[in-house]
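Participant: So you can see what is in the structure, the chains are spelled out below.
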Amino acid sequence: MRNSDNSIVTILILVAIIAVLGVLFALRVMNAGNVNTNTQGQVTEELNKGNAGTSGGSQVQGTQTNEMTEQAFNSRFAPYIGQRRDGVSVKKLIDEVNKNNTTYKNRNVTVEYGGTNYTNNLIGLSDTISIMSQYEVKVEYNEDRYINKITINKVD
Amino acid sequence: MEKKIPKFLYEKLENQYGKEIKEKVIEGLLEEKPLTIRVNTLKAGIQEIKDKLDREHINYNSVEWYDEAIIIENEKEQRIQDLDIYKNGEIYLQSLSSMIPAIVMEPKKDENILDMTSAPGGKTTQMCALSKNEAMITACEKNKIRLERLKYNLEKQGAKRVNVMMEDARKLDDYFSFDKILLDAPCSGSGTENIFTQNFTEELINRSRKTQEELLKKALKILKKGNVMVYSTCSILKEENEEILNNVLPKFNAKIVPIENIKQIPILPVTIEGTVCVCPSKLYEGFFVAKIIKE
Numbered sequence: 001m002r003n004s005d006n007s008i009v010t011i012l013i014l015v016a017i018i019a020v021l022g023v024l025f026a027l028r029v030m031n032a033g034n035v036n037t038n039t040q041g042q043v044t045e046e047l048n049k050g051n052a053g054t055s056g057g058s059q060v061q062g063t064q065t066n067e068m069t070e071q072a073f074n075s076r077f078a079p080y081i082g083q084r085r086d087g088v089s090v091k092k093l094i095d096e097v098n099k100n101n102t103t104y105k106n107r108n109v110t111v112e113y114g115g116t117n118y119t120n121n122l123i124g125l126s127d128t129i130s131i132m133s134q135y136e137v138k139v140e141y142n143e144d145r146y147i148n149k150i151t152i153n154k155v156d
Numbered sequence: 001m002e003k004k005i006p007k008f009l010y011e012k013l014e015n016q017y018g019k020e021i022k023e024k025v026i027e028g029l030l031e032e033k034p035l036t037i038r039v040n041t042l043k044a045g046i047q048e049i050k051d052k053l054d055r056e057h058i059n060y061n062s063v064e065w066y067d068e069a070i071i072i073e074n075e076k077e078q079r080i081q082d083l084d085i086y087k088n089g090e091i092y093l094q095s096l097s098s099m100i101p102a103i104v105m106e107p108k109k110d111e112n113i114l115d116m117t118s119a120p121g122g123k124t125t126q127m128c129a130l131s132k133n134e135a136m137i138t139a140c141e142k143n144k145i146r147l148e149r150l151k152y153n154l155e156k157q158g159a160k161r162v163n164v165m166m167e168d169a170r171k172l173d174d175y176f177s178f179d180k181i182l183l184d185a186p187c188s189g190s191g192t193e194n195i196f197t198q199n200f201t202e203e204l205i206n207r208s209r210k211t212q213e214e215l216l217k218k219a220l221k222i223l224k225k226g227n228v229m230v231y232s233t234c235s236i237l238k239e240e241n242e243e244i245l246n247n248v249l250p251k252f253n254a255k256i257v258p259i260e261n262i263k264q265i266p267i268l269p270v271t272i273e274g275t276v277c278v279c280p281s282k283l284y285e286g287f288f289v290a291k292i293i294k295e
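Residue numbers (our numbering), protein chains in the order written: chain A, 1 to 156; chain B, 1 to 295.
Some clues are possibly wrong.
Calculated from the model, a selection of chain A residues having no Cβ within reach of chain B, i.e. all distances over 12 Å [as the list claims (entries may be wrong)]:
#1 9
#2 17
#3 73
#4 87
#5 88
#6 90
#7 95
#8 103
#9 107
#10 117
#11 134
#12 145
With a cut-off of at most 35 Å between alpha-carbon atoms, the simulated DSBU-like pairs for lysine-lysine come out as follows [as the list claims (entries may be wrong)]:
#13 A:138 x B:24
#14 B:151 x A:99
#15 A:92 x B:19
#16 B:108 x A:149
#17 B:151 x A:149
#18 B:33 x A:105
#19 B:132 x B:282
#20 A:149 x B:50
#21 A:99 x B:255
#22 A:154 x B:33
#23 B:24 x A:154
#24 B:263 x A:149
#25 A:149 x B:144
#26 B:52 x A:149
#27 B:221 x A:92
#28 B:43 x A:154
#29 A:154 x A:92
#30 A:99 x B:33
#31 B:144 x B:43
#32 A:105 x B:43
#33 A:138 x B:43
#34 B:4 x A:149
#35 B:160 x B:52
#36 B:144 x A:154
#37 B:52 x A:154
#38 A:154 x B:151
#39 A:92 x B:160
#40 A:92 x B:33
Hints were generated in silico from the structure; no laboratory data involved.
From the three backbone atoms N, C-alpha and C, an ideal C-beta is built for every residue, glycine too.
Just chain A, same shape as in the assembly (with noise of 0.2 Å):
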């Protein structure tokens, strides 16, 4: 052969080899692309997830958070209920209702006392409680379960 055609030859094969190359990147890029689909397909399956997570747990969550809120919302004023309870819990009880009343203005109790509903001046209620003095409390519940309703009465 001539030192042309081992030339050619080399070019050839350089080109092969590089061509070989070419491709073997071609296709690990392509790999890389599926991973990274794949990746960004479990992105977003997950975010899929999450948003069905979030909305399906809003849902899960919402019953859970309203089941938990519900339960949370009453055990503040389910420790003072009783045939007779001293007049320094049912003053807590006053307090701990004006501080829901007026900070949840959507779930506002209503305190009975002396045939009297109160839901605002709840401060005045409590001055008219006697330490020294027993109550019987009892409460009610609205359709969704919560406390909405405190009846306080005097036991002699």
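The hints should help you fit chain B onto chain A, whose structure is shown.
Facilitator: Relative to the frame of chain A, chain B by itself:
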């Protein structure tokens, strides 16, 4: 401890209450008192503590007029002190009578309250609990060792917003001014087991009277006008109670705010209407409480 009542106390009690009531008082003073605890609602719920006592097989009774008070049956103090609820500050050993002053105080959010003789801190921490740590309390104590005890108890009970001062409250600057003041005055302890000690003398009563009067004068000086304070002692002698009030209140245009009697608490006749003197009995130490308004 040999329970021997000093002769001079017999005479004082008979002079003040008459023979029949004196006998009742003496009987009450001689009664062995059960341990009583106060649930520290800053750290635990009342039912939670009752459940824990149940688990320890400790018998107890509730107190109708104060849900946070519990009467322990047939247990030694050490047994209670060994409980985690005691070590964690979830309960506080306190006599039933001594729970009354803080209740009468009705401490509220952001009120600036002075406890003039604060150590060891039972009533101070009770006020913290009653106000859910929302009152601002200045706790005064002149004795360094007792002050350390006070600090320890405040920490243990989770009391917040308490400013501790090592000071004889009689010497407080008139510059101070408070929304409410608790003066649980040093006294002879004539309503308590102190009467069985050598410490209990007529001289102690006289010394106490002087301190009580000085403290009450200071309290009324630094109490804001239109506001209330509580004066209490663990004495059932009028010379440490009504007589002190009669001597001091008119000078400061101060008047008694009537305290409603709690029907479950045995009481003694008083010479100032609206004040309460708890009769020593099986459950209660002798104790005097007055609510005062500065007009």
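Participant: Could you run down the list of hints and mark each one as holding or not?
Facilitator: So, going through the hints one by one against the coordinates:
1. Against the 12 Å criterion, residue 9 of chain A stays outside the reach of chain B, whose nearest CB is about 90 Å from its own CB.
2. With a least CB separation of 78 Å from chain B, residue 17 of chain A remains clear of the 12 Å interface cut-off, as annotated.
3. The non-interface label for residue 73 of chain A is consistent with chain B: the shortest C-beta to C-beta separation is roughly 17 Å, beyond 12 Å.
4. In this structure residue 87 of chain A is not separated from chain B by more than 12 Å, as the shortest Cβ-Cβ distance comes to only about 8 Å.
5. Once the 12 Å rule is applied to beta carbons, residue 88 of chain A is inconsistent with being away from chain B; the minimum gap is 6 Å.
6. Not every Cβ of chain B is farther than 12 Å from the Cβ of residue 90 of chain A; the closest lies at roughly 10 Å, contradicting the non-interface assignment.
7. Non-interface status of residue 95 of chain A relative to chain B is broken: a Cβ of that chain comes within 12 Å, the nearest being about 8 Å off.
8. The beta carbon of residue 103 of chain A sits about 15 Å from the closest Cβ of chain B, which is more than 12 Å, so the claim that it is off the interface holds.
9. The claim that residue 107 of chain A lies off the interface holds: its Cβ sits roughly 21 Å from the closest Cβ of chain B, which is beyond the 12 Å cut-off.
10. Annotated as non-interface, residue 117 of chain A keeps its C-beta farther than 12 Å from every C-beta of chain B; the closest such distance is 24 Å.
11. Non-interface status of residue 134 of chain A relative to chain B is broken: a Cβ of that chain comes within 12 Å, the nearest being about 6 Å off.
12. Its beta-carbon lying about 21 Å from the closest one in chain B, residue 145 of chain A satisfies the requirement of being farther than 12 Å from that chain.
13. Between residue 138 of chain A and residue 24 of chain B the CA atoms are separated by roughly 39 Å; this puts the pair beyond 35 Å, and the hint is violated.
14. Using a Cα cut-off of 35 Å, the hinted pair residue 151 of chain B and residue 99 of chain A holds, with the two alpha carbons roughly 31 Å apart.
15. For the suggested pair residue 92 of chain A and residue 19 of chain B, the alpha carbons sit about 43 Å apart, so the restraint of at most 35 Å is broken.
16. Only pairs whose Cα atoms come within 35 Å are accepted, and residue 108 of chain B paired with residue 149 of chain A is accepted, the gap being roughly 24 Å.
17. Proximity of residue 151 of chain B to residue 149 of chain A is assessed by CA-CA distance (about 42 Å); at most 35 Å being required, the pair is judged violated.
18. Restraint check for residue 33 of chain B and residue 105 of chain A: the C-alpha separation of about 49 Å exceeds 35 Å, so the hint is violated.
19. For a cut-off of 35 Å, the pair hint linking residue 132 of chain B to residue 282 of chain B stands: about 31 Å separates their Cα positions.
20. For the suggested pair residue 149 of chain A and residue 50 of chain B, the alpha carbons sit about 28 Å apart, so the restraint of at most 35 Å is met.
21. Straight-line distance between C-alpha atoms of residue 99 of chain A and residue 255 of chain B comes to about 33 Å, which keeps the hinted pair within the 35 Å bound.
22. For the given pair, residue 154 of chain A sits about 30 Å from residue 33 of chain B by alpha-carbon distance, which is consistent with the 35 Å threshold.
23. Distance check on the hinted pair: residue 24 of chain B and residue 154 of chain A sit about 31 Å apart at the alpha-carbon level, within 35 Å; holds.
24. For a cut-off of 35 Å, the pair hint linking residue 263 of chain B to residue 149 of chain A stands: about 29 Å separates their Cα positions.
25. Annotation: proposed proximity of residue 149 of chain A to residue 144 of chain B is violated, straight-line Cα distance about 51 Å (limit 35 Å).
26. Of the supplied pair hints, the one linking residue 52 of chain B and residue 149 of chain A holds, its CA atoms being roughly 31 Å apart against a limit of 35 Å.
27. Between residue 221 of chain B and residue 92 of chain A the alpha-carbon distance is near 31 Å, which keeps this suggested pair within the 35 Å criterion.
28. Taking the CA atoms of residue 43 of chain B and residue 154 of chain A, the gap is about 29 Å. The hint holds against a cut of 35 Å.
29. A C-alpha spacing of about 16 Å is found between residue 154 of chain A and residue 92 of chain A, which places the hinted pair at or below 35 Å, so the restraint holds.
30. Under the criterion of a C-alpha separation no larger than 35 Å, the hint pairing residue 99 of chain A with residue 33 of chain B is inconsistent with the structure, at around 40 Å.
31. Distance check on the hinted pair: residue 144 of chain B and residue 43 of chain B sit about 27 Å apart at the alpha-carbon level, within 35 Å; holds.
32. With a C-alpha separation of about 29 Å, the suggested pair residue 105 of chain A and residue 43 of chain B falls inside the 35 Å cut-off, and the hint holds.
33. At most 35 Å may separate the alpha-carbon atoms for a hinted pair to count; residue 138 of chain A and residue 43 of chain B meet this at roughly 26 Å.
34. For a cut-off of 35 Å, the pair hint linking residue 4 of chain B to residue 149 of chain A is broken: about 56 Å separates their Cα positions.
35. Taking the CA atoms of residue 160 of chain B and residue 52 of chain B, the gap is about 25 Å. The hint holds against a cut of 35 Å.
36. For the given pair, residue 144 of chain B sits about 45 Å from residue 154 of chain A by alpha-carbon distance, which is inconsistent with the 35 Å threshold.
37. For the given pair, residue 52 of chain B sits about 31 Å from residue 154 of chain A by alpha-carbon distance, which is consistent with the 35 Å threshold.
38. At roughly 39 Å between alpha-carbon atoms, residue 154 of chain A and residue 151 of chain B are farther apart than 35 Å, so this suggested pair is violated.
39. Taken as a hint, the residue 92 of chain A and residue 160 of chain B pair is honoured in the structure, with Cα atoms around 18 Å apart against an allowance of 35 Å.
40. The suggested pairing of residue 92 of chain A with residue 33 of chain B holds, with an alpha-carbon distance near 30 Å, which does not exceed 35 Å.
Checked against the numbered hints given earlier, the structure breaks hints 4, 5, 6, 7, 11, 13, 15, 17, 18, 25, 30, 34, 36 and 38 and satisfies all the rest.
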